[in-house]
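Asks: Chain order of the listed sequences is A and B.
Residue 262 in our numbering sits at position 262 of the first sequence, with consecutive numbering throughout.
Residue 215 in our numbering sits at position 215 of the second sequence, with consecutive numbering throughout.
Because the hints were derived from the structure by calculation, they are not lab data.
Where a beta carbon is used, it is the ideal one built from N, C-alpha and C, also for glycine.
One or more of the hints may lead you astray.
[To be verified] Facing chain A, according to a computed beta carbon distance under 10 Å, are these residues of chain B, among others: (1) Q243; (2) S269; (3) A292; (4) P293; (5) M297; (6) D320.
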Amino acid sequence: MSDDDNILTETFRRVLGDVVTSERIRAFEDSPALAPIWPELAETGFLDALVGEEYGGAGLSLAQVFPLVLALGEHATPVPFAETMLARAWLAPHGISLPDDAAVVLAPRSAILPFAEVATHALVADRDMIRVVEVTSGSNDVFRAGGALTLNPGRELGAFAGTPGDLLLAAAALTSGQMVGAMARMLDMTLNYAGERQQFGRSLGKFQAIQQQLAVMAEQVISAQVAARTALRSTHFEPIRVAAAKCRANEAARLVCNIAHAVHGAIGATAEFDLQLFSRRVKQGQVAFGSERYWAVELGRARVTADCQTTADFLRLHLMDEDV
Amino acid sequence: MTINVDSFPPVRIPEEAEALRPQVKAFIAQQLMHMPPHRRARTWAGFDADFSRALAAQGWVGLTMPKEYGGAGLDAFSRFVLVEELLAAGAPVAAHWIGDRQSAPLLLHYGTEAQREFFLPRICRGELFFCIGMSEPNSGSDLASVRTRAEKVDGGWKVNGQKIWTTYAHKSHYMIALVRTSGTSEDRQAGLSQFLIDLSLPGVTVNPIKLGTGDTDFNEVFFEDVILPEDALVGTEGNGWAQVNAELAFERSGPERIYSSLVLLDLWSRSLKDDHDAGDLERLGLLVSRLAPLRNMSIAMTGLLVQGKSPVTEAALFKDMGTEVEQAIPADIADALGARLDRTPDPELMRTLAYLMQLNHVFSLRGGTREILRGMIARGLGLR
Ligand SMILES: Cc1cc2nc3c(=O)[nH]c(=O)nc-3n(C[C@H](O)[C@H](O)[C@H](O)COP(=O)(O)OP(=O)(O)OC[C@H]3O[C@@H](n4cnc5c(N)ncnc54)[C@H](O)[C@@H]3O)c2cc1C
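So that you can see chain A by itself, here it is in the shape it has in the complex (with noise of 0.2 Å):
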C-alpha cells in the first residue's frame, strides 16, 4: 500500500465515522432508508473509486480499494456501498448509466439477499448475460439488517455478458471484505470491554481463561482478514481466492460470535449496546452467498482436479498473498 493509499482509507474511515454513526444506524433498523446515509456518503465521490479513468473514475484496483470494503463493515454501513462501486465499475464500459442516486446489490441466487431491503437496483444473471434491473425488495428482513429472502425485478436499463458465476463471486468476495471488517472491529470492543469490565475485583482480561478465548478471537479474525485480503488483492475475482475467503470469514465467525458475545455478558446482547449491530450482520452475512460448506466443496473439488503435485503447490500457485 503506498501513502497515497492509506491517505485514502484514512479518509473514507473519517467520513464513515461521521455519517454511519450507531444512533442512525438503529434509526435505520426501526426504519430501513437509503437517507441520510446514502446521499451523505455518495457525496464524497468514493462510488466511482473502481471506474475506469477513462470513464470518469478514479481507475482504483481491486486491492486498492479492499481498505475501504473493510472500513465498511467496520462501520457497520448497512447500504450497499461496496456493491454500488463495484457495479458502476463494471457498467461504465457498457454505457450504461445509472440514476445518481441508485443504490445497487449484487443479486445472484442466494439463501439471503444482505441491503436488499434499501436497494434501488440490482444486477441478476442469466446464463451468460448480467442484467441492471429497478427493484423493490420482496422484504422478510430476518437480521433486521436491512437485507431481504428475495427482490421484485422492474424495468430492466441494461445488460452485459456475464455468468452466474461471476455475480457470486463478487458478491461473495464483497461480503467476506465486510464481514472481516465488522468482526475485527468486534475484537477491538472486545478488548475494550475486557479491560474495563470488572468482575471478582480485576478487569476481566486479568483472567487466564478471558486472555485464553481472547487468543482465539484475535486468531480467528486475523487469518480471516489475511484469506480477504488474499481475494482482493487480485485485478478479477478468482474462484479459488473467493471460496477461501468466504469459507474463511464463515468459518471464523462462528468462534469471534460466540467469544465476543461471551467476554461481553448479557448486555452485548442488549439493544441498547453495539456490539449486536455487527454481530447480526455478520451473521447475516454466513448465509449469504453461499456458506463454508458451499464453498469448502468448491474449494476442496478444485484442489482434487486442480494439476499439483502437493497442497503446497496448490497454495503457491492459487493462493498467494502478494504485495501488488
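Given chain A, put chain B with the ligand in place with the hints provided.
Replies: Frame of chain A, contents of chain B with the ligand only:
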C-alpha cells in the same frame, strides 16, 4: 504494539528465491523415489544423516549463512522455498533441522568469531548435528525455572543436571543448552546462560525414551560434573533468556508448523480424484481454506526476519493456529475413511494415517504449548 493483520504485511517471494524451487523439486524427486509415504510422513521428525549430507553437498544446509562461513549467503525467503519443498515432499530432514533452523543463526548472531569459524562450516557441510536442551523434568512450560547448573571452574565450566525430551540427542553431536549460571530458580529469567555441549564429553549420558508409536525420537540427557571449555558459553553470561527468545521466532514461524500432516493430506487428496462424496470435498476444502492464510502469514514473517525483525508474538499466533490444522488433518481424514464401511482403504494410506494419528497430539506441545502461546498473544493484545 498491538498484534493485528498489519503485523503480517504481504510480501512477494523474490524471484531469486523462487528460482531455487525447481532445483529442489528435482533433487527431492530423485532422492525420495523409493521412500513410501508412511516414511515420508515423518518429515521433520525423520532422521537420515545421509540425506542431510546429500542436501549439504548441494549447498542447501545453512543456506542463510554467509559464504565466508560455508553458507550459501542467501536470505530467509530462499530458505522458506527450500524447506517448503522439503516438508511438502516429506523429506527426512531431522538430522540437520535444528542446526540449520536455529543453532546456526544463534551462533552467527551471538557467537564469538572462533565459534562461528568452527561451527558454521561444519553445520553447512552436514557434519555436525544439533539438539535443543531447554526442557527439564521439572521445567516444561515454566522454562525459566531450569535447574541444570554451570559453575565457573578453572579454565571453564562444570555442568550438573538433567535435560529431557531432547529430540535426537542420541544422534546429535552438540546440544545448545539453557542452564543456570547464577542465582536460584527463584531468580527466574535472570542468571540463565546458553552453552554448547559436546555430547561425547565424559559425564554426559543420553538415554533414549521410547514413544507410544514405537519410535525413539527424544531422550533424557544427564550431566555429571561435565567439564566444558571456557568458549562453550554462547553469547553473554546471564543473557540466556533473551537469546532463547530470539530463537523462538525461528522455531515457530516456519512452514513446519502447518505442513506436518501434508504428506497424508496429499495422499488422501489424490485418492479422491475418482472416488469422493461431497463430504470429502467439503473437508478437504475447509482444510485448504485454513492453510491458505497461514502459509501467507509464514511468508510475511519470513519478510520480517529478512528485515532483521523478530516476530515472536506473530510466530506464537501462527503456530497455535497452524498446529490446530496439522492436528485436524489426520482426524478429519480418519473420520472420512471410517465413514466408508463399504470400502477397504489403500493400506499405504492407512499406514500413513495411523502414524500421524498417533503423533498429532504432540504437534501443539513441541515448541511451546497452546496455553503458553495464547498467553503470549494475550500480551500482544495488551491484556497482560
Ligand atoms: C515431540 C516433542 C519433541 C520435543 N522436543 C524437545 C526438544 O528437542 N528440546 C526441548 O528442550 N524440549 C522438547 N520438547 C518439550 C516441549 O518443549 C515441552 O513438552 C513443552 O514445553 C511443555 O512442557 P511439559 O511437557 O513439561 O508440560 P507442562 O509444562 O507440564 O504442561 C502441561 C500442560 O499444562 C499447561 N500449562 C502449564 N503451565 C500453564 C500455565 N501457566 N497456564 C495454563 N496452562 C499451563 C500446558 O499448556 C500443558 O497443557 C518436546 C516435546 C515433544 C512433545
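Asks: How about Q243 of chain B: closest beta carbon in chain A under 10 Å, or not?
Replies: Q243 of chain B check fails; min Cβ-Cβ to chain A is 25 Å, beyond 10 Å.
Asks: Under the criterion of a CB-CB separation shorter than 10 Å, is M297 of chain B in contact with chain A as hinted?
Replies: Since chain A brings a Cβ to about 6 Å from M297 of chain B, closer than 10 Å, the hint holds.
Asks: Do the numbers back the hint for P293 of chain B, that is, is its least Cβ distance to chain A under 10 Å?
Replies: Constraint on P293 of chain B satisfied, holds at 4 Å.
Asks: With chain A as the partner, please determine if D320 of chain B meets the hint condition of a C-beta pair closer than 10 Å.
Replies: Interface hint status for D320 of chain B: holds (6 Å vs cutoff 10 Å).
Asks: Given S269 of chain B as an interface hint, is the shortest Cβ-Cβ distance to chain A below 10 Å?
Replies: This hint holds: S269 of chain B lies near chain A, its Cβ roughly 6 Å from the closest one there, short of 10 Å.
Asks: Once the shortest beta carbon distance from A292 of chain B to chain A is found, is it less than 10 Å?
Replies: 4 Å, holds
Hint 1 from the list above is the single one not met by this structure.
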